[in-house]
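Participant: Now for the letters of each chain:
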Amino acid sequence: MIIAEQKPIAEIAGYIENCNKVLLVGCGGCVTVCLTGGEKETGILASALRIKRRLEGRPLETVVCVVTRQCEPEYIDALDSVVRDVDAIISLACGIGPQYLAGRYKDKYVVPAMNTRFAGGAKKHGVWEEYCGLCGDCVLSLTGGICPVIRCAKSILNGPCGGSQNGKCEIDRDVDCAWQLIHDRLKILGRLDTLKEIVPPKDWSRSRDGGPRKMVIEEVRNGSNTEEAN
Amino acid sequence: MDAANITDCQTAVVRMSSIGAGIHILREGVEPVVQMTCRDRNRIAIQSDLLGAYSLGIRNLLCLSGDHQMFGNHPTAKNVYDVDSIQLIRLVRRMKDEKLFFSGEAFNGQEPRFFVGAVANPFADPFEYRVDRLEKKINAGAEFIQTQTIYDLERFTRFMEMCVARGLHERAYILAGVTPLKSWRAARFLQTSVPGMIVPDEIVRRLKSAEDPREEGKNICLEQIRYIKEKVKGVSGFHVIAISWPEIVPDIVKGSGLYPRPVID
Numbered sequence: 001m002i003i004a005e006q007k008p009i010a011e012i013a014g015y016i017e018n019c020n021k022v023l024l025v026g027c028g029g030c031v032t033v034c035l036t037g038g039e040k041e042t043g044i045l046a047s048a049l050r051i052k053r054r055l056e057g058r059p060l061e062t063v064v065c066v067v068t069r070q071c072e073p074e075y076i077d078a079l080d081s082v083v084r085d086v087d088a089i090i091s092l093a094c095g096i097g098p099q100y101l102a103g104r105y106k107d108k109y110v111v112p113a114m115n116t117r118f119a120g121g122a123k124k125h126g127v128w129e130e131y132c133g134l135c136g137d138c139v140l141s142l143t144g145g146i147c148p149v150i151r152c153a154k155s156i157l158n159g160p161c162g163g164s165q166n167g168k169c170e171i172d173r174d175v176d177c178a179w180q181l182i183h184d185r186l187k188i189l190g191r192l193d194t195l196k197e198i199v200p201p202k203d204w205s206r207s208r209d210g211g212p213r214k215m216v217i218e219e220v221r222n223g224s225n226t227e228e229a230n
Numbered sequence: 231m232d233a234a235n236i237t238d239c240q241t242a243v244v245r246m247s248s249i250g251a252g253i254h255i256l257r258e259g260v261e262p263v264v265q266m267t268c269r270d271r272n273r274i275a276i277q278s279d280l281l282g283a284y285s286l287g288i289r290n291l292l293c294l295s296g297d298h299q300m301f302g303n304h305p306t307a308k309n310v311y312d313v314d315s316i317q318l319i320r321l322v323r324r325m326k327d328e329k330l331f332f333s334g335e336a337f338n339g340q341e342p343r344f345f346v347g348a349v350a351n352p353f354a355d356p357f358e359y360r361v362d363r364l365e366k367k368i369n370a371g372a373e374f375i376q377t378q379t380i381y382d383l384e385r386f387t388r389f390m391e392m393c394v395a396r397g398l399h400e401r402a403y404i405l406a407g408v409t410p411l412k413s414w415r416a417a418r419f420l421q422t423s424v425p426g427m428i429v430p431d432e433i434v435r436r437l438k439s440a441e442d443p444r445e446e447g448k449n450i451c452l453e454q455i456r457y458i459k460e461k462v463k464g465v466s467g468f469h470v471i472a473i474s475w476p477e478i479v480p481d482i483v484k485g486s487g488l489y490p491r492p493v494i495d
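Chains as they are written, first to last, in our numbering: chain A, 1 to 230; chain B, 231 to 495.
Check the hints yourself; a few may be wrong.
[To be verified] Using C-beta positions, here's what the derived DEER-type ranges look like:
hint: 1; chain 1: B; residue 1: K463; chain 2: A; residue 2: L142; range: 39 to 47 Å
hint: 2; chain 1: A; residue 1: V220; chain 2: B; residue 2: F345; range: 31 to 39 Å
hint: 3; chain 1: A; residue 1: D176; chain 2: B; residue 2: D431; range: 23 to 31 Å
hint: 4; chain 1: B; residue 1: D382; chain 2: A; residue 2: L142; range: 26 to 34 Å
hint: 5; chain 1: B; residue 1: V260; chain 2: A; residue 2: G145; range: 42 to 50 Å
hint: 6; chain 1: A; residue 1: D176; chain 2: B; residue 2: E441; range: 38 to 46 Å
hint: 7; chain 1: A; residue 1: V139; chain 2: B; residue 2: Q340; range: 31 to 39 Å
hint: 8; chain 1: A; residue 1: E129; chain 2: B; residue 2: G250; range: 34 to 42 Å
Hints in this document: simulated from the structure, not taken from any laboratory. All C-beta atoms in this analysis are idealised placements derived from N, C-alpha and C, irrespective of residue type, glycine included.
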């Protein structure tokens, strides 16, 4: 899932300094699971912003809504009735949410409440870690199911580099060296010989470098009448 | 000495470019070994810089991944790592041997014919993979190897025994890296704060109890060179990495019997 964390209150408050009424939109997707942008957190942020403004002597009116997912237009339609008289919309989704909201409500000032961090998973309750670099060309079959693109600080494909010591990465003694993990895993699998092969340079055009990426499943698209979101 | 290693923004601190500095020392009559890291340039910039460097007379190239930017004076920079060190070695060799750009496209004109080097760190982990990785670099086309600074002679000896058993010393020139230390604090710093280094306590102790730590540091370095020359098979030469102490190099080279240097045509 996408892991996102809330920006500092002061930063969010700064975006809406001149607004009297704002809509806060939570998301029922990833950010609900990672406990930063769901129903509870949206309500808390609304209260915090109201309290801050009351203390400053400029009360703020807030409207709170949580949609199933902000990354699908059909769920955003539900906001049509509440956006009309607000001065701004605050999205508590990942970076997709504010863009979808801005696309639908073109005359509204839409701001993010979140910093979108990474694609990852839960390590334990309250801890999430990055696992996928979204590189568009998965190499996990070569690396024992451990991603060097994102879990190695240098994204090297022929690791480990000379900074790996005692299983840890040179950047931080608390960070596992991905290539040590890969080495250990391939050893268990009896596939250490894989590491002798020189992995050629990666095709980064499938990564973020090639502009916005798109995935199409033709059968689904052809059977649908819906319009493309902008 | 035969050649001088010119670093490419080591520890990710901004310095004069290794190519620029290499040209300066070349004009002074010193043979430069120019470093090229993968941290700061994509494959387009690397090739462009290499073509320029070769056109200006640079002939020796050391390919490495480079220290992570978080160690340097621009920790908020974005790193590149478009290619890694092993891919870089192979691609530079392909430019030389097949006159092909990294993309596989043929090019006209003078191909850069670098003497291609790589680094090896016998003190990084997993130890059992370190010789495999060196072999991988040689298979990629590395012609000479510069090792990480050696203090743990026992581990380096084991490493070289494995290299010799595989005949790697006959496929590439392996240069042993040695660094004279000025003080026990410098030793402690390398021991505790530099990833991929092993400094035995004995070295810290010797420097700490020495009346003249600099003299002791020089003597330790000379002992290391002597030990490697006499006891470790497969080493073709030395790389004196005189960190912040360049003026000690002549003493090290002369004191260890490495002077005069052989004349090569």
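Participant: Against the structure shown, which of the earlier numbered hints fail to hold, in ascending order?
Facilitator: 1, 2
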